[in-house]
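**Student:** Spelled out, the chains give:
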Amino acid sequence: MKARKLVTEAMLCGLALILSYVESLFPLAVSIPGIKMGLPNLVIVFALYRMGAGSALRISLVRVVLVALLFGNIYSFLYSAAGALLSFGLMTLLKKAGILHTAGVSVAGAVMHNTAQIGVAVLILETSEIIYYLPALIISAVITGILIGLVSAILIERIPRF
Amino acid sequence: MNFLKEYRKDLILILGLLIGAGLIAGVFALAKKPGAYVRVEQGGKLLAIYALNEDRREVFPFAEGGDALGEASKDAGNVLVIEHGAVHMEEASCPDKLCVRQGEKSKIGETIVCLPHRLVVTVISAQEAEELQP
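Taken in order, these protein sequences are the chains called X and S.
Following our numbering, the numbering of the first sequence begins with 11 at its first residue and continues without gaps.
Following our numbering, the numbering of the second sequence begins with 13 at its first residue and continues without gaps.
Be aware that a few hints might be false.
To be verified - Counterexamples of contact, computed for chain X against chain S with all Cβ distances above 12 Å:
(1) Ala13
(2) Arg14
(3) Phe36
(4) Leu76
(5) Phe81
(6) Leu96
(7) Gly155
(8) Val161
(9) Ile166
(10) Ile169
What the hints assert, rightly or not - In silico EDC-like cross-links for lysine to aspartate or glutamate, where the CA-CA straight-line distance does not exceed 20 Å:
(11) S:Lys57 / S:Glu140
(12) S:Lys44 / X:Glu136
(13) X:Lys106 / S:Glu140
Hints listed in this document are in silico derivations from the structure and should not be mistaken for laboratory results.
For glycine and all other residues, C-beta sits at the position ideal for the given N, C-alpha and C.
Given only the sequences and the hints, what does the whole structure look like? Please build it.
**Tutor:** So this is what it looks like as structure tokens:
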């Protein structure tokens with residue numbers, strides 16, 4: 011791997027980490043766990059489009075591990091790892107398929123992320139009641155996914171090539 | 013129109029997801045089973061379990077922050093009423109009265125929450141009530 015690429019990935023990873031922290035400071039809805047702005051996805055979508063799937067995956071995984079080590083525990087790690095991996099996989103496929111704009115890809119990723127987290131929560135908590143949150147989480151993911159996708163599209167276009 | 017054309021597939025995806033979420037919510041609402049008991053908790057501590065088939069009116073004397081007010085003030089706190097197989101909060105001495113506005117609950121898993129008094133009322137099944145009873 012070229013040093014330039016390594017450094018860029020490391021910097022984007024740091025940015026994603028900070029955005030994870032920033033978003034934890036502003037919870038959107040206290041009554042429903044798991045509703046988040048999805049700010050780190052800005053970085054992942056950007057990396058996916060500008061640097062390729064490999065870079066996006068590395069940034070996403072390192073971010074998940076660091077967030078778990080710094081702010082979380084083993085359970086929060088499992089939630090976010092499942093969400094990050096499945097959302098990354100779906101976004102990569104959809105980007106390759108080339109039928110959707112960045113906003114659509116981001117929405118699909120956000121919904122996948124929340125659905126995966128609910129799935130893991132059902133397994134870990136051994137209760138199915140948590141599934142009642144699914145509709146609310148899908149709707150919130152659609153809204154935040156659109157916003158994140160539109161902002162990402164601007165960033166992908168406007169940030170100069172490095 | 014250009015916008016619609018350009019983002020057509022994205023819009024279809026978004027609409028599809030929203031309709032899907034609506035359908036899932038609808039199925040969940042229909043699939044909810046009627047409960048048999050209500051569990052009253054304050055700050056995670058179990059206070060009482062009442063059967064939904066007996067009408068009653070209970071006063072929980074709590075102040076802001078969840079401190080007990082004691083016997084002296086029978087009017088402050090939360091007034092829980094069970095009527096016609098459903099539970100609702102009739103009165104609350106908190107400023108926002110959100111728990112009163114949450115209305116009647118009778119299905120398993122439904123809750124009435126009074127955040128200022130840290131009071132949580134949950135409708136539960138007969139089986140769950142049996143497990144909780146000493």
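**Student:** Next, verify each hint and record whether it holds.
**Tutor:** Hints, verified against the model:
1. Ala13: holds (37 Å)
2. Arg14: holds (33 Å)
3. Phe36: holds (19 Å)
4. Leu76: Given a closest Cβ separation of 30 Å, the condition holds.
5. Phe81: Nearest chain S Cβ is 23 Å from X:Phe81, so the label holds.
6. Leu96: It holds; X:Leu96 is separated from chain S by about 16 Å at its closest Cβ, greater than 12 Å.
7. Gly155: X:Gly155 not clear of chain S: closest Cβ-Cβ about 8 Å, inside 12 Å.
8. Val161: Nearest chain S Cβ is 15 Å from X:Val161, so the label holds.
9. Ile166: holds (15 Å)
10. Ile169: holds (22 Å)
11. S:Lys57 / S:Glu140: Holds, at roughly 16 Å.
12. S:Lys44 / X:Glu136: holds (19 Å)
13. X:Lys106 / S:Glu140: violated (49 Å)
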